Amino acid sequence: MGDIQSIDAWRSRVVEDSEKILAEVAPPQDPAPEARRIADGAAVAAAAPWAFSTRRVDRSAVTGLDKSSAPRAGDLVLARVDALGHHANLQLADGRRRRLFVDDHIVIAYGNRYACEQFEARVPQHLGPCHLVAGGGIAALALSWHDRISRGPTRISPLGLLTGPAGRPLNLGDFALEPRGHGAALPPVIAIVGTAMDAGKTQTAAYLVRGLRAAGYRTGYLKITGTGAGGDTWLLHDAGADRVLDFTDAGMASTYLAPLERIEAAMDTLLQDMADHGIDTVVMEVADGVYQRETRELIASARFAARVRGIVIAARDAMGASAAVTSLAATTIPVLALSGLLSASPLQRREAQQATGLSSANREELATAAVAAALRDQALAAGMQRAVGA
Amino acid sequence: MNSIASPMPPHALQRVSQARTDYLSYLPRNVDRGLAPIVFVHGYSRRVHEQVEVLHRLADATRRALIAPHFTRELHPRYQRLGKGSDGQRADHYFDACLAAAGQCLGVSTKRVMLLGYSGGAQFCHRWAMTRPERVEHLIAVAAGWYTFPNPDLAFPYGLATAGRLRRVSLDPASFLTVPTTVLVGAEDRDSVNLRRSPRIDAQQGDTRVERARRWVLAMRMAARLYRVDANIAYQEVPGIDHDFDNFVAHGHLLELVLAAIQETPRLQDGGSAGVNSRAA
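For the record, the sequence lines run as chains A and B.
Those letters in the first sequence? Residues 1 to 390, per this note's numbering, in order.
Those letters in the second sequence? Residues 1001 to 1281, per this note's numbering, in order.
Worth double-checking, as some hints may not be accurate.
[Claimed, not checked] In silico DMTMM-like cross-links for lysine to aspartate or glutamate, where the CA-CA straight-line distance does not exceed 25 Å:
(1) A:Lys20 / B:Glu1264
(2) A:Lys67 / B:Asp1230
(3) A:Lys20 / B:Asp1242
(4) A:Lys20 / B:Asp1191
(5) B:Lys1084 / B:Asp1022
(6) B:Lys1111 / A:Glu120
(7) A:Lys20 / B:Asp1202
(8) B:Lys1111 / B:Glu1264
(9) A:Lys20 / B:Asp1230
(10) B:Lys1111 / B:Glu1134
(11) A:Lys67 / B:Asp1153
(12) B:Lys1084 / A:Asp147
(13) A:Lys20 / B:Glu1211
(14) A:Lys20 / B:Glu1188
(15) A:Lys67 / A:Asp82
Since the hints were derived computationally from the structure, they do not count as laboratory data.
Remember, it's a predicted structure, so these values are computed and weren't measured experimentally.
Use the sequences and the hints to build the structure in full.
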């Protein structure tokens, strides 16, 4: 086999000669020439549809395209639709679902996504091709998805980040509601917490809002975690909520992988806004299930315990409800009732009551003034006890 | 380099052949269990036993365990492309199961591996590395027949569009482009025996293994520029060598080349992490 020195010398020669050979081979075609062809990014962006996730952005602030920076969560991006997959429509800022076509240019925001029934997706470290991972207009690289999503994610090619007056990339955070100092006292909050995505949390919130309004309360709805999409907030507008806000109003495209402090700060900013608008009860929805990282951290935080007077659990079935109650055992916030999909089944309701000792309320019951007001009173009374106990 | 010539102690080689896992493993006497094992994937002729008997010397020289999953002709006819076997299990899932079982049996972690593939095995290895870049300490692809190019517009296995091809898998170029990679090919590997030929592959990649390796290395380097990560891909075209494994070992110093690549891995990795583009706050 020869000694080390001669083999090392031979190897160096092989490497050197191989590089010389490569230098003479015709390079493959550049895979993404389009971004360079777009001269006036601001004009293309102005003509493109803007997604729900970007609804707070002042479009006149756009000055051009940054084609080289690494994107961050919340950055606005002009992208081309390459191939349609699961999301064939884009929710626009005005609520319309716009049909997408291949080669459309769209303005959306980068964000991480955690959705058990849909996609797990992360903001890539580059402006290379990625995916539309939420109908509300979220760009990210899909890492995994539910079996049901047979077509895979819709593929997009980012053409550049939208830049502002200083030439720096614009971020949703630049257009967030301003955090306020202590204005009006914060209203009491009832949190809706679920066992998983699609357990019935938003329906629970909507009917509870109707009940509280029927009882005479100026009621706000706040979705504190999740992925930017219009469906939930529009449902709550329809349900008659006096003010509807979500984390996108605090400048976040989504809350997956966001630090707890950022979510806590968003919660306080949005609750203060509710107070300043004369809201006297807030129904706050926490996305996904109690095992999800941000949901778990938020529920366990002292700030959450200080703001939330009571929790309604939305679950698909009795066993899920029971597990949720168990995992909430460490918090001092009282669980007021069970609801969600299980409440549509009399047998599941009975099982759940036997397992947890908690009563449940279905949609029609939540929408009555009597039940909603009783839940609110129960929360305030428990809050008093907690305060006295402390 | 002396240890690279040592004969294999017969007691150290194990074959585990079960329904879901079939692999060979070799544990050097002086194994360092903290090091990522060398995982070898055989070619389409499936000469795994003979090849492991040669490659065990790499394990001795690097103090790493050696694991060689066996893709049988009956069960895994399309393993090179991560295809499903006749039992319905995808080749990469079967491979994962082999690694997990071997790791447990040998007492080494297979969370990260030194991945070495020959011919059809090199095809498998680079595709597996694209799906699980975080697990690959160094990819060494020897004489692959053809490649998956880092082109998101082409359907897998030609390119990265996995929808409908690789269920629930998405390939992230920015991640796999940073995997330290060494491509080895014999400069005389220009015969089309056992080489997959089709107008589509020939047009995209060329009509010999040499041509295909060159184009893939260039495409990977160009893609790295597009994704603004440092390319970590070395190319070695070995003079006088064709597609014969034994000839590559005897006259192309294959073991020495692979050993040098393994030993240079930390340096390659340092280079890889520094190049990720970032924006000042």
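Hints, verified against the model:
Note on A:Lys20 and B:Glu1264: the hinted pairing holds, with a Cα-Cα distance of about 21 Å set against a maximum of 25 Å. For the proposed pair A:Lys67 and B:Asp1230, the alpha carbon gap of about 18 Å is at most 25 Å, so the pair holds. Between A:Lys20 and B:Asp1242 the CA atoms are separated by roughly 20 Å; this keeps the pair inside 25 Å, and the hint holds. With a CA separation close to 23 Å, the supplied pair A:Lys20 and B:Asp1191 stays within the 25 Å bound.
This hinted pair checks out: B:Lys1084 and B:Asp1022 have alpha carbons roughly 16 Å apart, not beyond 25 Å. This hinted pair checks out: B:Lys1111 and A:Glu120 have alpha carbons roughly 21 Å apart, not beyond 25 Å. Distance hint between A:Lys20 and B:Asp1202 is fulfilled; the C-alpha atoms sit about 23 Å from each other, no more than 25 Å. With a C-alpha separation of about 20 Å, the suggested pairing of B:Lys1111 with B:Glu1264 holds against the 25 Å cut-off.
Our distance criterion of 25 Å between C-alpha atoms is met by A:Lys20 and B:Asp1230, whose separation comes to about 20 Å. Only pairs whose Cα atoms come within 25 Å are accepted, and B:Lys1111 paired with B:Glu1134 is accepted, the gap being roughly 9 Å. Only pairs whose Cα atoms come within 25 Å are accepted, and A:Lys67 paired with B:Asp1153 is accepted, the gap being roughly 20 Å. A hinted pair counts as satisfied when its Cα atoms are at most 25 Å apart, and B:Lys1084 with A:Asp147 qualifies at roughly 17 Å.
Restraint check for A:Lys20 and B:Glu1211: the C-alpha separation of about 14 Å stays at or below 25 Å, so the hint holds. Restraint check for A:Lys20 and B:Glu1188: the C-alpha separation of about 17 Å stays at or below 25 Å, so the hint holds. With a C-alpha separation of about 18 Å, the suggested pairing of A:Lys67 with A:Asp82 holds against the 25 Å cut-off.
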